[in-house]
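Colleague: Protein chains in written order, with UniProt numbering: chain H, 1 to 378; chain W, 1 to 461.
The set of hints was computed from the structure by calculation and includes no laboratory data.
Listed next, the in silico BS3-like pairs over lysine-lysine satisfying Cα-Cα at most 30 Å (straight line):
id, chain 1, residue 1, chain 2, residue 2
1, H, K73, H, K31
2, H, K226, W, K200
3, H, K28, H, K226
4, H, K132, H, K322
5, W, K165, W, K110
6, H, K73, H, K278
7, W, K200, H, K31
8, W, K200, H, K28
9, W, K261, W, K214
10, H, K278, W, K200
11, H, K60, H, K73
12, H, K322, H, K144
Chain W regions said to be covered by chain H (calculated; three or more residues, Cβ under 8 Å):
id, region
13, 234-243
14, 246-258
15, 313-319
Treat the numbers as computed from the prediction; the structure is a model and nothing was measured.
All C-beta atoms, glycine included, are put in the ideal place defined by N, C-alpha and C.
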Amino acid sequence: MEASEGKSKKPGASRLCCLCNQRRPVLKRPKTLQQICRECFYEVFEEEIHQVIVGNRLFKSGERVAIGASGGKDSTVLAYVLSELNRRHNYGLDLFLLSIDEGITGYRDDSLETVKRNEVQYGLPLQILSYKDLYGWTMDEIVKMIGLKNNCTFCGVFRRQALDRGAALLKVDKLVTGHNADDIAETVLLNILRGDIARLSRCTSITTGEDGPIPRCKPFKYTYEKEIVIYPSLLKLNFDTLTYDIRMLISRSWTTSPPNVSIYSPNAYRGFAREFIKDLERLRPRAILDIIKSGEDFRIATTTKMPEQGTCERCGYISSQKWCKACVLLEGLNRGLPKMGIGRARGGVNGDHKKETKKPPASAAKSLESKQCGSLDF
Amino acid sequence: MACNSSGCESGCYDREKENGRKIEESAVADGVKESVCVKCKCNEPMTFGDGGSDDGRFCAECFRNNVFGKFRLAVTSHAMITPSDNVLVAFSGGSSSRVALQFVHELQIKALKNYEASRDRSLPVFGVGVAFVDESAAYPALSTEMVDAVSWIRSTVTDLSPPAKDLHVVPIESVFGSDSIEARDRLVKLLDSVSDETGKEDLVLHLKMLSLQKVASENGYTRLVVGSCTSRLASHVLTATVKGRGYSLSADIQHVDARWKVPIVLPLRDCIWQEITRLCHLDGFDSLKTLELARHPQSGINDLVSSFVALLQEENPSRECTIVRTAAKLTPFYFNKIPETDDACVPLATQRRLKKFNLKYDGSMTTEAFCAICNGPINGSDSSDLNTFEERGESDALYAACCSSCRFQILPQDRSSLEQFGSSLPHHMTSQVNHHHKVNSQAYLREKIKDCLILDTEEAI
Ligand SMILES: [Zn+2]
Ligand SMILES: [Zn+2]
Ligand SMILES: [Zn+2]
Ligand SMILES: [Zn+2]
Numbered sequence: 001m002e003a004s005e006g007k008s009k010k011p012g013a014s015r016l017c018c019l020c021n022q023r024r025p026v027l028k029r030p031k032t033l034q035q036i037c038r039e040c041f042y043e044v045f046e047e048e049i050h051q052v053i054v055g056n057r058l059f060k061s062g063e064r065v066a067i068g069a070s071g072g073k074d075s076t077v078l079a080y081v082l083s084e085l086n087r088r089h090n091y092g093l094d095l096f097l098l099s100i101d102e103g104i105t106g107y108r109d110d111s112l113e114t115v116k117r118n119e120v121q122y123g124l125p126l127q128i129l130s131y132k133d134l135y136g137w138t139m140d141e142i143v144k145m146i147g148l149k150n151n152c153t154f155c156g157v158f159r160r161q162a163l164d165r166g167a168a169l170l171k172v173d174k175l176v177t178g179h180n181a182d183d184i185a186e187t188v189l190l191n192i193l194r195g196d197i198a199r200l201s202r203c204t205s206i207t208t209g210e211d212g213p214i215p216r217c218k219p220f221k222y223t224y225e226k227e228i229v230i231y232p233s234l235l236k237l238n239f240d241t242l243t244y245d246i247r248m249l250i251s252r253s254w255t256t257s258p259p260n261v262s263i264y265s266p267n268a269y270r271g272f273a274r275e276f277i278k279d280l281e282r283l284r285p286r287a288i289l290d291i292i293k294s295g296e297d298f299r300i301a302t303t304t305k306m307p308e309q310g311t312c313e314r315c316g317y318i319s320s321q322k323w324c325k326a327c328v329l330l331e332g333l334n335r336g337l338p339k340m341g342i343g344r345a346r347g348g349v350n351g352d353h354k355k356e357t358k359k360p361p362a363s364a365a366k367s368l369e370s371k372q373c374g375s376l377d378f
Numbered sequence: 001m002a003c004n005s006s007g008c009e010s011g012c013y014d015r016e017k018e019n020g021r022k023i024e025e026s027a028v029a030d031g032v033k034e035s036v037c038v039k040c041k042c043n044e045p046m047t048f049g050d051g052g053s054d055d056g057r058f059c060a061e062c063f064r065n066n067v068f069g070k071f072r073l074a075v076t077s078h079a080m081i082t083p084s085d086n087v088l089v090a091f092s093g094g095s096s097s098r099v100a101l102q103f104v105h106e107l108q109i110k111a112l113k114n115y116e117a118s119r120d121r122s123l124p125v126f127g128v129g130v131a132f133v134d135e136s137a138a139y140p141a142l143s144t145e146m147v148d149a150v151s152w153i154r155s156t157v158t159d160l161s162p163p164a165k166d167l168h169v170v171p172i173e174s175v176f177g178s179d180s181i182e183a184r185d186r187l188v189k190l191l192d193s194v195s196d197e198t199g200k201e202d203l204v205l206h207l208k209m210l211s212l213q214k215v216a217s218e219n220g221y222t223r224l225v226v227g228s229c230t231s232r233l234a235s236h237v238l239t240a241t242v243k244g245r246g247y248s249l250s251a252d253i254q255h256v257d258a259r260w261k262v263p264i265v266l267p268l269r270d271c272i273w274q275e276i277t278r279l280c281h282l283d284g285f286d287s288l289k290t291l292e293l294a295r296h297p298q299s300g301i302n303d304l305v306s307s308f309v310a311l312l313q314e315e316n317p318s319r320e321c322t323i324v325r326t327a328a329k330l331t332p333f334y335f336n337k338i339p340e341t342d343d344a345c346v347p348l349a350t351q352r353r354l355k356k357f358n359l360k361y362d363g364s365m366t367t368e369a370f371c372a373i374c375n376g377p378i379n380g381s382d383s384s385d386l387n388t389f390e391e392r393g394e395s396d397a398l399y400a401a402c403c404s405s406c407r408f409q410i411l412p413q414d415r416s417s418l419e420q421f422g423s424s425l426p427h428h429m430t431s432q433v434n435h436h437h438k439v440n441s442q443a444y445l446r447e448k449i450k451d452c453l454i455l456d457t458e459e460a461i
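Can you make the complete structure from the sequences, with help from the hints?
Modeller: Given below as structure tokens:
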């Protein structure tokens, strides 16, 4: 707003792009409502992300960076833009796509060709890790063992850890995800609505887990979802193939039940929040950025900022218990007791552990409840 | 309805205990409709038919006592009203402020009884006045209703039992000066130069607060009672968040807000809207609904948030409580308590209670800069980019003295309109600009020489 002084405000001035004043505008930029041309859109879109990367010192030269690729538009556009910027500005990053396959085994033979095509077309290698690689179990095998009813618990827990485990397995320095400004604004609101002050203080950080084994960052933190949709649609490249390839891989692998977030039966307020943000954006595009700004500016005492968090004795993943949830579930599967660790069922490792430390028995289950469906979790 | 947290200071805690007891009982008398109040166990419970979870559990008296109890707890535990105070109740004609007026009135009667019963009559009884802001200059649509509204307000105040209360009807344009025609002109000009509907609405709210402050300090009041309830504050939490006011938010939702000359207190902060409307229903209070309806256009951010909160509340009756509780966990400011200088007249028991409810204050930032328009504390990181701002005229100084939210939604974007806007501002706000400039340049200097200074804490090490 502050920048729009003077020059952009000539009404009806033969309708030129208000950034370059040369070409015809082709769109109203969602973030600012400026009328701009295609070239300027690319430029501001990419330049803003570059500035975010540089301004926040997201990467160091020589780092091995995995882009968490779900096959959705966010991660695909992120992959493309990052590889462009990496080339253009000599970030010196070793970039690759990391995709998690949650389903059946044996997909690799089929997809080898696709992976190669990606490498040629975008210069970005694609690494696919299966649940079998990460956990020793495929989702299909788990479903066979425990039935469809309880598999949300498994896929919620396993999915949340999958990228981190995969990244660790592939020895990456950083993991980037495609969370956009709308996602972050939504998370800020949800944390207010559910009273989670600790997450409220963390959810706007552009990099998280810096003290953990693999930091995660969000280069799209200030990028509007609408612009992420526009970007590839204006691009001359046949950009859809990449999205399509990844999506095919993932959807094909789901023979038993799709990895759809809706199976978590979300609380109604979650849906309200998303709708609310859309309404807000219509009324005032800047509101999304303002919510993020509020999230960054909230006065939260440093003591609440860092809740005590240990790590799992087994796998090293962040856990408030002796073993993380995934390890508890895996132990159950491997011992043929698949209900172990589901819901409020007691016993098992953390159950015994609780007697020693006097931790509330349901705390693991509770933290899971509040976490699952979290839009910041993959 | 009760917040599901034992740490909630709103008195829901007591209610929860009752609810717990109630569950045991209903297990015995399963299927039989309650016929006695779960608290006193003798009166017939009230049914409000508003879909509330505890509808039909309490008798009228117990319900009323419960709400009054929350009010009194808020007043006593935050030293909102002391015997030597002179309290001004902001009365809009709406249900919340009606209840606030009623409760303050009842508190005054009790204090008077105690005074008359005491032998030495050492503790004086606090005084109560009422203020109503006439916004018709800002919302011309209100003009036709205003005559009736004012006479309704007047009769409501005079109908209260003694002691009699002064009523101050304050035209919102009074902050621009005593000449009412000129003042009105300036107000209209000022509002016309704001293009954003929400910004305009908020500016009127800021002006309204200024006029209340003005009448309070000119008439020797020491406290300003505002009847905001939990539901109202929950909406405020979200509007502040979506307007990028995350930094200053914690200043607005505490029980006490003493950044103003006359400290503002919110004794109904822990009561939800449903309780307020039930109480009005019980006591037969009317409210100025026509005025409420005519006041706001149904299009801005504020209305969008209100309907969002209403939807959330419908889905989960404790949502508003949770929202306010989240925001209450944000670190308050040093001015979110009754100033220390007043401590001498705070009774000992209250002082002890104050300690019990002690909030973590940020004592380090006592030189906070405040936005010239909304009076919100300004985040240091927002004003830091302003120190490099080369000030060429008054409009730049005004721009520099505002928070980022007011800059966006209230200040005109082009220079000439901004100058015009600045010249129409009430004196109080422009004086803030100059003050801000001073504070800001001090802070700037301090920042510049920070590395060379030895701070007290360092010395200790
Ligand atoms: Zn252009
Ligand atoms: Zn583990
Ligand atoms: Zn009763
Ligand atoms: Zn402001």
